[in-house]
Amino acid sequence: MRRIHVSALVFVIWFAMIGWQVRREYFQPELTRLAEAALSLAPGVNFYTLRLGDRTIGQATSRLDTVPSGFELEDVMVLDLPALGQTGSAVVRSRVSLSHALVMESFSFSLDSEVGRYRADGVLGADSTLHVTIDAGGSKQEVSYKLAEPPIFSAALPIRIAIAGELKVGNTLHLPVFDPSTLSTRTVEIRVLEYDTLIVPDSASYDPVSKRWSPSRYDSIPAWKIAEIYGGVQVESWVDEDGRILRASSALGFTMEKTEYELARQAQEDASGLASLAIDEDVILSTAIRSNVDLGAVEEHEVLRFRLTGVELSGFQLEGGRQTLSGDTLTVRRENWDALDPGFSLPYKRMDFRETLEAQPLIQSDDPRIQDEARRAVGRWLRNPKEAAGRLTTRVDRMLSKSVTFSIPSALQVLDSRQGDCNEHTVLYVAMARALGLPARTAVGLVYLDGSFFYHAWPEVWLGEWVAVDPTFGQYPADASHIRFVVGGLAQQVEIIRLIGRLEIEVLESTPAGGGRA
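With the numbering used here applied, the sequence shown corresponds to residues -4 to 513, in that order.
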């Protein structure tokens, strides 16, 4: 009997130990398990070649360091982006401080280009409030975002998946991911698609005769292919066991491949000497959609009807104002400027459009320089909103020299540089309009130009209804080929990406001003 009791006691103890181990392994807090797993994370530096189509457009560096509080991940991209016969240069930097469990604690993001610098620095508070300081054009502003839960910094996402033990073919995850360029968090679906072995350069040697670098040794690395999916857009990456990227590609034709520093630098230097470009190696031309109809002098068309196919149209702001959507058919009617009756005098005093009158981090309508420029553009005593909208369109059109830029523009930055593309024209116009008390917002979509539809941004102003104007082209109202898909700031504008490479446009009908149908 004593032996039975002893055996039973041993069994109970054994069962308790196993149960404790199971509980320890599977039921301990996730962050604790992540912190333990991250102990094996190896610091190091990876170098990459960046390409658009077959053309090298830049190089990148990704550095992971261990620090007393956890980890620091820093990414730097140096880009030479070809667009419409020009080459725009940009340097993008991001740095994130991570806890031992890979939770974002602070970050910095910057984009430097010909027109200036944009920088955002953030710190995550204990109450999951993200405090961000934005420096754009010498104007610093502070904003705070209350988050439902600590998000995963976008650059650290593959590392987090790997350390969590989720690199298993067939796995599907849904995680909150923070994008520092738009200061927004979105739920991203991650799928683990394949497992394979990739061959990557491990070292490079220099030939003094040819004065060229070449791979001298290769390494075989076990890798998992993952897909990050948001809003129908899919980015695919091959990652190693630590979640460090070996190769990545997007639907826009961009690719990134791990290599050695000397090889990445040499490839970028070779590309900088190329004079001619294929269409698929041009950031703008490669995303254009060829029109089935030559619209000629497009500003002469009062009404245009389009069939939009290839993408799910729900979620876009296609309906309202000048646009009417029926199924997949969109009708765009250019406003009759002479018939517009705003029904108010400047400044607009009601509270229903407060959001489109307020200053924002990149729309510094409360800055004295913006306010002075706006008053000079329309006249200090002008109170007619329609006349003010027209004068502003002409003023901004003439103020800025037309050039393709790769930046996150702010109104003050544009006011200083006096150059830019549609984004710069739009942000300056919206800021100046709001400075006058004229409700204004940013619209993003497509516009017809020289036989194709190009992605474009323009302002809308409230004149008794939302009216499209286009300071890039000096149009008020904007012509009927302006197809609005999105309204809002950077966090909303990123939605336009899911159209690229998928949207098809068919012109069904056009009505010239004052005439019959074509």
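No lab work stands behind these hints: they were computed from the structure.
Treat the hints with caution; some may be incorrect.
Pairs of lysine to any residue, SDA-like flavour, derived with a Cα cap of 25 Å [to be verified]: (1) K220 with G160; (2) K344 with E297; (3) K141 with S101; (4) K344 with V195; (5) K397 with K220; (6) K220 with V195; (7) K135 with G160; (8) K141 with P38; (9) K397 with K344; (10) K135 with V489; (11) K163 with E330; (12) K381 with G446; (13) K141 with K220; (14) K141 with T182; (15) K141 with K163; (16) K135 with S179.
Simulated DEER-style distance windows between Cβ atoms [to be verified]: (17) G483 with D361: 18 to 24 Å; (18) S309 with E264: 31 to 37 Å; (19) D60 with S398: 35 to 41 Å; (20) K163 with Q229: 17 to 23 Å; (21) S84 with R302: 20 to 26 Å; (22) Q414 with D191: 31 to 37 Å; (23) K163 with Y256: 31 to 37 Å; (24) D361 with S398: 40 to 46 Å.
Beta carbons: idealized from backbone N, C-alpha and C, even for Gly.
Status of the hints after comparison with the structure:
1. K220 with G160: Holds, at roughly 14 Å.
2. K344 with E297: Status violated; Cα separation ~32 Å.
3. K141 with S101: holds, 15 Å
4. K344 with V195: Given pair K344, V195 is violated - Cα atoms ~63 Å apart, limit 25 Å.
5. K397 with K220: Roughly 41 Å between the alpha carbons, so the hint for K397 and K220 is violated.
6. K220 with V195: holds, 15 Å
7. K135 with G160: Not OK: K135 and G160 at ~41 Å, beyond 25 Å, violated.
8. K141 with P38: Violated, at roughly 32 Å.
9. K397 with K344: violated, 35 Å
10. K135 with V489: holds, 23 Å
11. K163 with E330: Violated: K163 and E330 sit about 55 Å apart, past 25 Å.
12. K381 with G446: At roughly 31 Å apart (the allowed maximum being 25 Å), G446 and K381 break the hint.
13. K141 with K220: violated, 33 Å
14. K141 with T182: Between K141 and T182 the Cα gap is close to 16 Å, so the pair holds against 25 Å.
15. K141 with K163: Measuring from Cα to Cα gives roughly 33 Å; hence the hint is violated.
16. K135 with S179: Satisfied, since the Cα-Cα distance of roughly 19 Å is no more than 25 Å.
17. G483 with D361: 18 to 24 Å: holds, 19 Å
18. S309 with E264: 31 to 37 Å: Roughly 46 Å apart at Cβ, these two residues miss the hinted range, so it is violated.
19. D60 with S398: 35 to 41 Å: With Cβ atoms ~38 Å apart, the hint holds.
20. K163 with Q229: 17 to 23 Å: holds, 19 Å
21. S84 with R302: 20 to 26 Å: At roughly 39 Å between Cβ atoms, R302 and S84 fall outside 20 to 26 Å, so the hint is violated.
22. Q414 with D191: 31 to 37 Å: violated, 46 Å
23. K163 with Y256: 31 to 37 Å: Since the Cβ atoms of K163 and Y256 sit about 33 Å apart, the hinted range of 31 to 37 Å holds.
24. D361 with S398: 40 to 46 Å: violated, 28 Å
Hint check: violations occur at hints 2, 4, 5, 7, 8, 9, 11, 12, 13, 15, 18, 21, 22 and 24; the rest are consistent with the structure.
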